[in-house]
Each structure stands twice: as structure tokens, then as C-alpha cells.
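Quick mapping for you: the protein sequence lines, in order, are chains A and B. The numbering of the first sequence is this note's numbering, which starts it at 1 and goes up by one. The numbering of the second sequence is this note's numbering, which starts it at 1 and goes up by one.
Just so you know, nobody snuck in bad clues.
With a straight-line Cα cutoff of 25 Å, these simulated SDA-like cross-link-like pairs (lysine to any residue) come out:
#1 A:Lys205 / A:Gly178
#2 B:Lys314 / B:Pro277
#3 B:Lys200 / A:Gln223
#4 A:Lys373 / B:Leu346
#5 A:Lys167 / B:Pro234
#6 A:Lys359 / B:Asn344
#7 A:Lys417 / B:Pro277
#8 A:Lys359 / B:Leu346
#9 B:Lys220 / A:Pro76
#10 B:Lys271 / A:Glu394
#11 A:Lys205 / B:Asn206
#12 B:Lys315 / A:Ala174
#13 B:Lys101 / A:Ala350
#14 A:Lys205 / B:Asp365
#15 A:Lys307 / B:Ala152
#16 A:Lys167 / B:Asp246
#17 A:Lys373 / B:Asn205
#18 B:Lys220 / A:Asn396
#19 A:Lys205 / A:Val220
#20 B:Lys200 / A:Pro154
#21 B:Lys425 / A:Pro189
#22 B:Lys314 / B:Glu274
#23 A:Lys122 / B:Asn344
#24 A:Lys205 / B:Arg202
#25 B:Lys410 / B:Asp386
#26 A:Lys307 / B:Gly151
#27 B:Lys220 / B:Met275
#28 A:Lys75 / A:Asn140
#29 A:Lys205 / B:Ser180
Some chain B residues judged to face chain A by a derived CB distance under 7 Å, without partners named:
#30 Asp76
#31 Asp141
#32 Asp176
#33 Phe177
#34 Gly178
#35 Glu207
#36 Gln208
#37 Ala211
#38 Asp214
#39 Tyr215
#40 Gly233
No lab work stands behind these hints, which were simulated from the structure alone. For each residue, glycine too, the CB sits at the ideal point set by N, CA and C.
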Amino acid sequence: MMSVASLLNRENQNKAMEVVRSQRKSSLPNDAVSTLPLYRSAPPLEVRLEDFEFYAIDRLRVLKGISDGLSRGKKPDEMEKLVYDLWKENMRHPQASEVVNKDIISHFVLRLVYCRTEELRKWFLSMETTLFRHRFLHENPEVQKALFAEFDLPYKVVSRAEYETVKDMLNQVARSIGQSTDAIFYKVPFEEVPELVAGRRVFIKEGNAYIAMSQVVSLVVTQFRSHLSKALVLTNRKWTSMIREQEKDRLTPIIEALSTSYLGPDYSQPTKHTDISLKDIDQIAKSSFPLCMHHLFGKLREDHHLKHGGRMQLGLFLKGMGLKLDDALAFWKAEFSPKVGAERFDKEYAYSIRHNYGKEGKRTDYTPYSCQKIISSTPGVGDHHGCPYRHFSEENLRAALTRMGVGNRALEDVLDKVRNRHYQLACTLTFEAVHGSSCDAGINHPNQYYNDSRKILESPNNSSNP
Amino acid sequence: MTREEVENGRDYMLIDGEDNAVPDGFNADYLKVYYGKLFPCADMFKWLSYGNDGKHPGCDQSYSGRREFSFTLDNDIYLRFQSFNTASELENAIKEKCPFKIDIGPVYSVDPSKRHAYSQGGDNIFTPVERELVFDIDISDYDDVRYCCSGADVCLECWPLMTVAIKVIDTSLRDDFGFSHILWVYSGRRGVHCWVCDGKARRLNNEQRAAIADYFRVYKGNENSNKKVSLMGPALHPFLARSYTDVLQGYFEKRLLSSQNLFLNEERFEKILEMIPDESITSELRGKWLSNKRSKEDINVVRWEQLKHLLSSKKGQGHRRCIEEIVFSFTYPRLDMEVSKHMNHLLKAPFCVHPKTGRVCIPIDPNKCDELDPTAVPTLSKLIGDLNAGGFIAEGDNEWDGTSFVQCVKYFKEYFLDPLLKSCKEEIETSYNAKVKQSRNSISW
Numbered sequence: 001m002m003s004v005a006s007l008l009n010r011e012n013q014n015k016a017m018e019v020v021r022s023q024r025k026s027s028l029p030n031d032a033v034s035t036l037p038l039y040r041s042a043p044p045l046e047v048r049l050e051d052f053e054f055y056a057i058d059r060l061r062v063l064k065g066i067s068d069g070l071s072r073g074k075k076p077d078e079m080e081k082l083v084y085d086l087w088k089e090n091m092r093h094p095q096a097s098e099v100v101n102k103d104i105i106s107h108f109v110l111r112l113v114y115c116r117t118e119e120l121r122k123w124f125l126s127m128e129t130t131l132f133r134h135r136f137l138h139e140n141p142e143v144q145k146a147l148f149a150e151f152d153l154p155y156k157v158v159s160r161a162e163y164e165t166v167k168d169m170l171n172q173v174a175r176s177i178g179q180s181t182d183a184i185f186y187k188v189p190f191e192e193v194p195e196l197v198a199g200r201r202v203f204i205k206e207g208n209a210y211i212a213m214s215q216v217v218s219l220v221v222t223q224f225r226s227h228l229s230k231a232l233v234l235t236n237r238k239w240t241s242m243i244r245e246q247e248k249d250r251l252t253p254i255i256e257a258l259s260t261s262y263l264g265p266d267y268s269q270p271t272k273h274t275d276i277s278l279k280d281i282d283q284i285a286k287s288s289f290p291l292c293m294h295h296l297f298g299k300l301r302e303d304h305h306l307k308h309g310g311r312m313q314l315g316l317f318l319k320g321m322g323l324k325l326d327d328a329l330a331f332w333k334a335e336f337s338p339k340v341g342a343e344r345f346d347k348e349y350a351y352s353i354r355h356n357y358g359k360e361g362k363r364t365d366y367t368p369y370s371c372q373k374i375i376s377s378t379p380g381v382g383d384h385h386g387c388p389y390r391h392f393s394e395e396n397l398r399a400a401l402t403r404m405g406v407g408n409r410a411l412e413d414v415l416d417k418v419r420n421r422h423y424q425l426a427c428t429l430t431f432e433a434v435h436g437s438s439c440d441a442g443i444n445h446p447n448q449y450y451n452d453s454r455k456i457l458e459s460p461n462n463s464s465n466p
Numbered sequence: 001m002t003r004e005e006v007e008n009g010r011d012y013m014l015i016d017g018e019d020n021a022v023p024d025g026f027n028a029d030y031l032k033v034y035y036g037k038l039f040p041c042a043d044m045f046k047w048l049s050y051g052n053d054g055k056h057p058g059c060d061q062s063y064s065g066r067r068e069f070s071f072t073l074d075n076d077i078y079l080r081f082q083s084f085n086t087a088s089e090l091e092n093a094i095k096e097k098c099p100f101k102i103d104i105g106p107v108y109s110v111d112p113s114k115r116h117a118y119s120q121g122g123d124n125i126f127t128p129v130e131r132e133l134v135f136d137i138d139i140s141d142y143d144d145v146r147y148c149c150s151g152a153d154v155c156l157e158c159w160p161l162m163t164v165a166i167k168v169i170d171t172s173l174r175d176d177f178g179f180s181h182i183l184w185v186y187s188g189r190r191g192v193h194c195w196v197c198d199g200k201a202r203r204l205n206n207e208q209r210a211a212i213a214d215y216f217r218v219y220k221g222n223e224n225s226n227k228k229v230s231l232m233g234p235a236l237h238p239f240l241a242r243s244y245t246d247v248l249q250g251y252f253e254k255r256l257l258s259s260q261n262l263f264l265n266e267e268r269f270e271k272i273l274e275m276i277p278d279e280s281i282t283s284e285l286r287g288k289w290l291s292n293k294r295s296k297e298d299i300n301v302v303r304w305e306q307l308k309h310l311l312s313s314k315k316g317q318g319h320r321r322c323i324e325e326i327v328f329s330f331t332y333p334r335l336d337m338e339v340s341k342h343m344n345h346l347l348k349a350p351f352c353v354h355p356k357t358g359r360v361c362i363p364i365d366p367n368k369c370d371e372l373d374p375t376a377v378p379t380l381s382k383l384i385g386d387l388n389a390g391g392f393i394a395e396g397d398n399e400w401d402g403t404s405f406v407q408c409v410k411y412f413k414e415y416f417l418d419p420l421l422k423s424c425k426e427e428i429e430t431s432y433n434a435k436v437k438q439s440r441n442s443i444s445w
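One chain only, chain A, in its complex shape (with noise of 0.2 Å):
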């Protein structure tokens, strides 16, 4: 038996006060009793090393399960439903009492996971962080008021005077973005409700934004996440200061083996097998690359040239497929000359390259672009990255689909996901026409779609291919 307090709470003992002061507030006011935790502090709870695991591998598929539908483009009411579902179905516990506990702890064992390298913070903060808005979402209003009521935030229902002021510019947004106008608001700084801000979905006055009742969840997973976010620096510290070495035996095996076999393979090592000569690019890129990369690759032969944006998405999968920054360099100065020179390439360019391969500046090894990040970008004129099915009109996205010798049927069945807005199951369907084989995993990732198709090519059944 363990406690998780004792883990992750040692050096704060007055968090453990924050704890009691939170339970109490909460079943103070009426029935509204939230099943919510805000997580605030490791709760004083003894658990089972094999509870542990489990509850952090029931979890882990929540989350999961939950990036998976970010990364098919799922509607707010699609991934509504499916948060709901994962939920249900992994999150129960034979005793009622004990599933409040479940909860609680495994998100702080994969806090504990998850708090190792900013790559995996930024994934499971983003992951809590939708499972938290799709909960909170599914709670009914009184509950709802409830859990903004614990945040303690200072923000004033907007008086009856002042609403009368501003009333038109408030029915006018609501109009815009399709929304029954609501008649409480609250007056908040806009810098709290950033994504209410990117949507144009409030109307914003001197600095304050006006949000709807029906928006306050916006406020709430805003202070959720920066919340989470500055905990899990925190965790780190204490992980790589503390825990690890003292939970060596026992503790930090099963956490690090955690991590790794559920976010699948970490692209940013490329793969062994594959040494990609410069010679054979050509011949690769026409059978394995996927169709947004094959279409930078074509930009770049015929314009011999790609705005910043296409050059680190093609960049960094030619890096991911393991291309050396030597033959990389030599590559894209062969593109680029013609346009640019071969003196200017090597002002202004080679930087940026040597940059991708950590080579300048803050030396990061950069990472190959995930189809989620692809599909999220926002090319703007000039730009070719971006995610075909999802950036291209349909018109060019047929055309091009044509040139990869995807068929009538196939061809019907891409766009129909598309329309729906499945960019990956498309970009599955195309690679299953393109190969003749199934792909059963879906494609997540640019690199896995390369290195599916390089297996499909070389294995020794496939001779009628090169």
C-alpha cells in the first residue's frame, strides 16, 4: 500500500488543508453534489501498487481514445458523445465508492507519467484538458454553477444598467454565431477566455470580454489547464529531484514503461531500416510518400521553391524518413539554386535547415508534424503544407488524388470521408488504393504512412514492386 498524497504532496503540507477546504465547500450548498474533481492536491489515499497501474491504464485509454477523435476532426457534439462513451466504459469500478478514488488516482499517477519531457505535457495536458471541458459539458446547470462557484474566480455577473447598454452588440454575437440569446453575462478580462476570443464567439469592449452563461465553461477549462499546466512543472521537479530516485524499485519502472505504449512510436529517432539515398528520392516519393507531401515534393520540383511553412513539414518528414543534414542540405540547395541561387540558399536558408536538425539556435531536435498538427495549421496564400483533405478544394483534391491513380470507387469513398470531414480515414482509403493492402491502425502520422508503405514495397511478396 501507498499513498499518492505522500508521493506527490511531501514538501507542501498545507495543501493537504487546500483539500479539506475544497470538500467542504463543495457538498455545502445543496443536492448538486459534482463527481468533477478539480484535482487541486493529491488526495490522502492508500492504493494497491496494482491499482496503480490499472487505473492509470484505464485512463490512458480515455485519453487515447479521446486523441484519437481530435485527430479525425471530430465535431464538438461527436467528441461529446465519444468522451461520454470512453468514460463509461473504462472509468467504472465494481463499488460505487470507489470510483470517485479511481478517478482521482489515476490522474495523478499519470501526472506523474506524463510530467517527464515537455513533449508528453503538452499531450496529456491537452488530453485532461478535453476530457475535463466534455465532463464538465455533461453536467447539468446547477452543478455547473457549483463547480465555477469553487474556482473562486472574482468575475461579476454585468449589471442590469450595463447590460442595457451593451445589449445589441451582445444579441448581435449571438446571432453570428448562431446561439438563442442568454440573459446573464459575465464581464471577464479577454486574456481568460482565449479561445472564446480566437472564435469571435463574445463581444469585447476595452479589454473585457462578455461571456454568456452558457459559455462559462470556456472560463472553467482555462483555469483548468494553466492550473494543470504550472502542476506539472511542478511534478517534474519533483519527480526528477525525488521520486524517481527513490521509487526506483518500484514506482519508476512501471511509470516509464507507462508512457511509452500508449502514445505509440516517437518518430522524432528516424527508423533504422530505411537510408535514403538522394538518387532514389524521386522514385520514393512517387510510390510512398502520402499525398501531402507528395504534393510539396511537387510543388518544390516545379517552383524550386516553398514558403517556411512547407519547408519545415516536408523538412522534418524527409529528416523523420532519415534523410542526413548533409543530404538534406545538399537536397533542398539543388531545389532551391535555381530560384533563389546558390549563394542566397546558403545566407538565407541553410540556417533554417541546420535549424530543423538542431543544429543552430536553441538546438532543439525538431519532431516530424503529426497529421494532427497538419490538419490544424493554417496555410495562408502561397502556402502548399497543410493537409489536402482538408486544406484543398474539392476540385484539387480530386485532381491530385487522380495523379496518385486513385480510382473512380476509391476516389468516391476518400471524398465522401472528407465531406465528413475524416481527414485521416481518408488519407487511410487513399493509402489503401495506392497500395492495394489494408491499413487497419489508420494513419496518425506522415512517417508512419512512409514507413506502412516501405514495408508493403520491400517485403519479399511484392516483387511486381521496385
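Position chain B relative to chain A; hints supplied.
Below, chain B without anything else, positioned relative to chain A:
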């Protein structure tokens, strides 16, 4: 130079799509004189110190020294992570290195020139902590809606697009977001930069910056999709509605429609007809325009009125929205989003000289942005000429006067710097007093 080299050189310029001809007198010697006599180094440093160079106990003495400067030298050598503790350190470095370009980066958690010393401990604490909220707008991003120039070229026919951008963004930054210390700068060639310097703006995190940039984003086109702007919903957001009635509509109808000849020929009007989803309307208009009746009036105005008339005579919200979409497509600001979204993006300092045009990156008064003529801003050679004509000037003598450059520096100081420093001082005082009060309270419990 052999004939071949000359040809190659010219080839290079053409393909580049830019006018690479170095203007008369852009050279290191002139630049040295400019940095020595004219560049307002002390005021720049004062600006970037935000009052922390004062004697008040609330000042953060390390603040200025944590700011990144980056110099691009004559031979394209790129010096990043320079930092300076005082105005004279900065001034000496500029005079000594004579950079062709000076970029300003964020204020970091530690002195950027010593960043490696701090990165040893495993935990990388070298991270940006403050940065002005910046915007970069390039006219080359408008190439699909201007016919007079392309690429890096600008003229008085297309420059109003930048004027529109300044007006729309400036108004919103002030009225919607409540910022008041905003500096607009001509970028020296093809666009404008905006620096929002309020304390609140400098402390925004990346997510909040991205939110503001997205709030401004309407244009969603890329090279592979047709629809450039789509305004959803049954009403426009108040910010867009205000921008439309106060700025976009007027500039579209009174300036750009005619100056860009938006309806001049079939190719051009087809581009606009593409934005109307109603087949019956487009074919009616196409028929009318192809029969090409001569008229004394401006053909662009005539055709636009016909289009508007036909669209508004039809029932349904979509048709009115369509008129707005066309106007937005041709006028609404197009921001370089990445520059605004991240704290660590570098941006060229005001009062630099653009090496390709020789023009000085002068501040623009947003209230008078209509008057800016990018082809007539002070150039390095002109300034040096004026200096020479003014006779010999003793070291440290500031009595040189007589060009628009002086007006620019004056604007920078009086309308931007002075009010900014005043509010910085107040902010430092307030937060200091609060801190003192807090510590007093905690003692007397």
C-alpha cells in the same frame, strides 16, 4: 565583369521578383553616418526599457539586459542573442558593427547572451517572458487582389490596402482590446509592422496572442482552395460589422474598385462572379457584361452597382452576405499569423534602413496613415545629402533640422514614447506600493 556574369546577375534579379538594384548610396559608410548622427538610439533604448532604467526602487534593473537584439551584418552574418545593459552599450555596438538590419526579440528569463551558462543545469530556464504584441502585414500577401504591382513592389494604387489594415487593426486594438500604446511602422519596403506595448500586451502568453491573431483572421485562402473568405452565420460579429461600414466598404467603393480596375475585363470579373454561388445571377451578369455596352462612366463602378443591385433584389440573407464577402476578400487585412502568435519571433526595429530600398522604417501615425506615401519616405541617401547640405555639424550637436525625418522622430517621442513612459512609471509605482503594502500586512498578522 564578363558578359556572362552580368547576364547571370540580371537573371537572378528577375527570378527573384524583386528590384534588387541597390539604390544610390546604400553602403556601410552612409549607414555609419546615419547611425552616428540620426538614429535615435537613446529613445529606442528608453522605449524598450519601459521605465526600468529609472531610480525607483520598483524598477527591475535586469530588465533591459535580458532583451534580445539581433544584428544582420553587411556580409549576411547573423548575430543573434545580443544584449545591452545601457543605451550607450547599444549605441556603441551599433556604431561599431554597423548592422544592415537590427531585429528586436523578446525579454528572456535570463540574459540571452549568457543563455548557455544557464542551460547546463538540465532544467532549461532560458525562456521568453515578455514581448510586445506584434503584427506584420505584407502587401505581397495581397497579390491575388491587386493588379498594379506584385511581389515586393508597391505603389500608390495598392498602398491603400495597407491603410485599410492599419485602420481596422488599430481601431480594434484600442476599442476592443483596450490597448493604448501602439506603434505603427513602415517596414521599409512592402508592408507595415505594429508594436503593441502596453504592459498587459507584453505579458500575454502564446495562446492569448494566437487568440487575438485569430480574432483578426477572416481570410482563409491558400493556394489550393477557391473560397478565400467565408462569413458564416446570420449576422456579422460587431467587430467585422464595424470594420465593414467604417473602413472596408468606403475604401473598396471609392478607391480600390477603380484604381485596381477590378471589373475591367472578363478574367477579372469572372474571379468575382466565382464568389457568387447563385448560378442564375452569375449568368445574368456575365451576359450583360460580355455584351459590353460602352458607357462614359467608370466600367468598374457600373458593373459593381449592377452586381449589388441584382444581389440585393433577391430574397435571402445569403445574397447580402455575398456582397460583404466580395468586399472582405478585396480589402480585409491579411496578417502574417506566425509573427503574432509566438513570443520569440524577431521583428525589425523601427528606424532601420531597408537595404534593398534604402528607405527608413519610419513610424506611421495611424490617424494620418492616409497621407503616407511609401515611395516618398526618407531614404538614406536623401538624409545623407540633406546632412551634407546642412553643412558641418559638430559632434553631439542636435540642431540639425529640415526634413521629414525630424518629424518622424518627433512623432515617435511625443505621441508614442512620452505617454508610454508616463504609464510605465505609474505601473511601476502601483505594483511597488502594492508589494510594500502586502509585505507590511504579512508582518503585522
